[in-house]
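K.L.:
Protein chains in written order, with this note's numbering: chain A, 671 to 927; chain B, -1 to 248.
Think of the hints as simulated: they come from the structure by calculation, not from any bench. Nothing here was measured: the structure is a model prediction, and the numbers come from that model. A couple of the hints might just be wrong.
Quick list of in silico lysine to aspartate or glutamate cross-link-like pairs, DMTMM-like style, CA-CA up to 25 Å [claimed, not checked]: (1) 809(A) <-> 832(A); (2) 812(A) <-> 29(B); (3) 812(A) <-> 112(B); (4) 786(A) <-> 29(B); (5) 812(A) <-> 867(A).
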Amino acid sequence: MNSIISIQQLSNTYPGGQQVLKGINLEVKAGEIIGYIGPNGAGKSTTIKILLGMISHFSGEVQVLGRNIRTDALDIKRSVGYVPENAALYEVLTPLEYLTFIGRLYGMDDAVIERKAEDLLQLVGLSSQMNQRMNTFSKGMKQKVLLISGLIHNPEIIFLDEPLSGLDANAVILVKEILAQLRSAGKTIFYSSHIMDVVEKISDRIVIINQGQVIANGTFEELKEQAHSGSLERIFQGLTGDDTTQSKASDFLQALQ
Amino acid sequence: MTGYLLSFLDYFQRLFRWLGVDYFMMRNIVEVKLMMDNRRNYATLGKNYQSGDSNNRLLMVYGLNALLGGIMSIFAFIIPSVLLTTTILLGYVIAWVALNLISDYSELLLDSTDNTILLPRPVSDRTIWMARLVHLLLYLTLLALSIVLVPTLVMAFKLGLGYAPVFLLLALQATLMAVFLTTLLYMLVVRFSSEERVKDMISYVQIGMSLLFTVGYQILPRLIPYQELATFRIRFKPGITSCQRPGWEV
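Construct the complete structure from the given sequences, taking the supplied hints into account.
P.N.:
The structure is reproduced here in structure tokens:
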């Protein structure tokens, strides 16, 4: 009973009639880092959006922090942080203005927000751009602001959708270290990405979904034993059923000539 | 300007609370939206003003609207018929509100990043929708006011103060008409094609308009014999004119 996220028979159909999720079951314990991976269009982002209370038309039972997402969405949202995949932020604002706006949505005090925002921006190396508008920022700089905006209210559960995209090597190391420290502080992290070696290194448990169903769920070691191969990339390839990549690659070159 | 608008909103705090809206959240969202409106690029301002970080883009648009309203108001002194003047001015109000809306609609209503930013936050749907509604109403009211104000003052100066509320009321009705028609047009276009196509279509309309004006200014005067122009009269034909919105008052 100590799961912090509990998903039972989760299904979801888009208004167009296309079924995205087909009965997902998943339990996440407090303090775990879950690596949530799957091919494009497998339903990763949809699962995350349902867990966040952004999509309300689904069937099945979803509990976050012991509460039902259908009835207690507002309370859940207060203790959940989200870093979306495509840099979705108000670009004409400055980082400080944007973070103030987000902080106020969580009911935080202006003085607290300002102190936190300034400290955090300085830590990721954006202190000199604190008052510049973000429409001139590079993707990595926006990603850093996005990361802070998802964490500024000190959430219990953190959903990260491709959080490393556009970051430079130093920032990637920093973010990985931050994730490790967040876990030792007892936070639960739900991590969705396509970069396999990062998932392999930071996750306590890896969940692979394909075509709306969970096809693998376990620690990296367990998955390795199951699939008899050495890297997550190979396991992923084996499980999601695409073993024709090599011939595809040579076909690609053929088509170029 | 944002500050004044927000303190104006504060008067209705209790009304919003009564409607079940979290007022401070709503105020926060509206404030940011107004701030962004002031920094956005506007087609009305042209390319010259799009560089640089201005905080007062919207004020400049309003200024331009007021200037155009002033130019249109000259009709009030040229044309003796009150009815005809009113009709022309209302026609201008409808056209200009509609043009402004068409060029800004996609950013105003179809902004899909908005959902990704606001929905994961602990704010009730009702508050988010109310914030959007309030922002839209403020935007429309200010846009319409900037367009209508000068013509109203001119008409009031010419016909007496009593005419001002009448004209304002008519202009309000005309604005609503323009909003309704633009929304209808937009819904239809989005229904049958995509958001991207809408932006393309807007550019085509803009290109077409500028061609029409530059070519039209050269050709049209040469097509009309001067003698006919001197005796040219605009007349109402009650049947046809009354069918079109600016002439409903006929």
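K.L.:
Confirm or reject each hint.
P.N.:
Right, here's what the structure says about each hint:
1. 809(A) <-> 832(A): Distance ~13 Å between residue 809(A) and residue 832(A) Cα, so the pair holds.
2. 812(A) <-> 29(B): Status holds; Cα separation ~22 Å.
3. 812(A) <-> 112(B): holds (16 Å)
4. 786(A) <-> 29(B): holds (22 Å)
5. 812(A) <-> 867(A): Given pair residue 812(A), residue 867(A) holds - Cα atoms ~23 Å apart, limit 25 Å.
Hint compliance for this structure: every hint is met.
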